[in-house]
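Once you know that position 54 of the sequence shown is 665 in this note's numbering, the rest is easy, because the numbers rise by one and skip nothing.
Hints are not guaranteed to be accurate.
[Claimed, not checked] Lysine to aspartate or glutamate pairs mimicking DMTMM-like chemistry, simulated, CA-CA at most 20 Å apart:
1) Lys701 to Glu675
2) Lys658 to Glu710
3) Lys658 to Glu719
4) Lys677 to Glu657
5) Lys658 to Glu623
6) Lys701 to Glu719
7) Lys630 to Glu657
8) Lys658 to Glu624
9) Lys620 to Glu675
[Said to hold, decoys possible] Distance ranges between label pairs, derived from CB positions:
10) Ala685 to Leu663: 40 to 46 Å
11) Cys662 to Lys630: 45 to 51 Å
12) Pro670 to Cys625: 53 to 59 Å
13) Arg655 to Leu622: 37 to 43 Å
14) Asn707 to Lys630: 38 to 44 Å
15) Asn621 to Gly649: 42 to 48 Å
16) Phe714 to Cys625: 32 to 38 Å
If you are wondering where the hints come from, they were derived from the structure by calculation, not from laboratory data.
Cβ coordinates follow ideal geometry from the N, Cα and C atoms, glycine included.
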Amino acid sequence: MAGLAHGPKNLEECIVQAKAAAGRAGTILSRTHLESRGTVAVVRREKCAACLTCVRVCPYNAPEIKNGAAGIEATVCQGCGICAGECPNKAISLLNYEESVLFAMSSELCRGSNEDESI
């Protein structure tokens with residue numbers, strides 16, 4: 612935020628804050644590419660039914676339907692996994708995460724909590 616949106620201030624302060632905000636925006640916009648976070652969702656197009664479930668549940672608006680299947684915008688995706696969990700055809704997965712590994716981790720966590728209770 613800058614200027615009066617930030618709080619009451621005089622004109623000079625508003626101008627200085629506006630220039631600073633424009634400078635920060637300029638550094639981002641001048642990049643030739645943007646890096647995404649390490650974990651992003653990926654779609655197996657052959658399994659996607661274009662049902663729009665992922666589009667409806669994604670809080671970041673990363674999925675889009677193109678050419679009859681969903682596609683994930685990697686720079687927008689935050690890797691939360693909501694779309695993967697809700698996809699009825701299991702066409703979406705998180706990059707570098709396998710379902711079997713996640714189940715094994717969950718089982719180990721549950722087993723660990725049971726052992727703590729018996730002590």
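Going down the list of hints, with the structure as the test:
1. Lys701 to Glu675: Answer holds: Lys701 to Glu675 is near 16 Å, not above 20 Å.
2. Lys658 to Glu710: holds (16 Å)
3. Lys658 to Glu719: violated (30 Å)
4. Lys677 to Glu657: holds (13 Å)
5. Lys658 to Glu623: violated (57 Å)
6. Lys701 to Glu719: violated (24 Å)
7. Lys630 to Glu657: Not OK: Lys630 and Glu657 at ~48 Å, beyond 20 Å, violated.
8. Lys658 to Glu624: violated (55 Å)
9. Lys620 to Glu675: Roughly 42 Å separates the two Cα atoms, so the pair is violated.
10. Ala685 to Leu663: 40 to 46 Å: violated (20 Å)
11. Cys662 to Lys630: 45 to 51 Å: holds (47 Å)
12. Pro670 to Cys625: 53 to 59 Å: violated (32 Å)
13. Arg655 to Leu622: 37 to 43 Å: violated (56 Å)
14. Asn707 to Lys630: 38 to 44 Å: For Lys630 against Asn707, whose Cβ atoms are near 41 Å apart, the range 38 to 44 Å holds.
15. Asn621 to Gly649: 42 to 48 Å: holds (44 Å)
16. Phe714 to Cys625: 32 to 38 Å: violated (54 Å)
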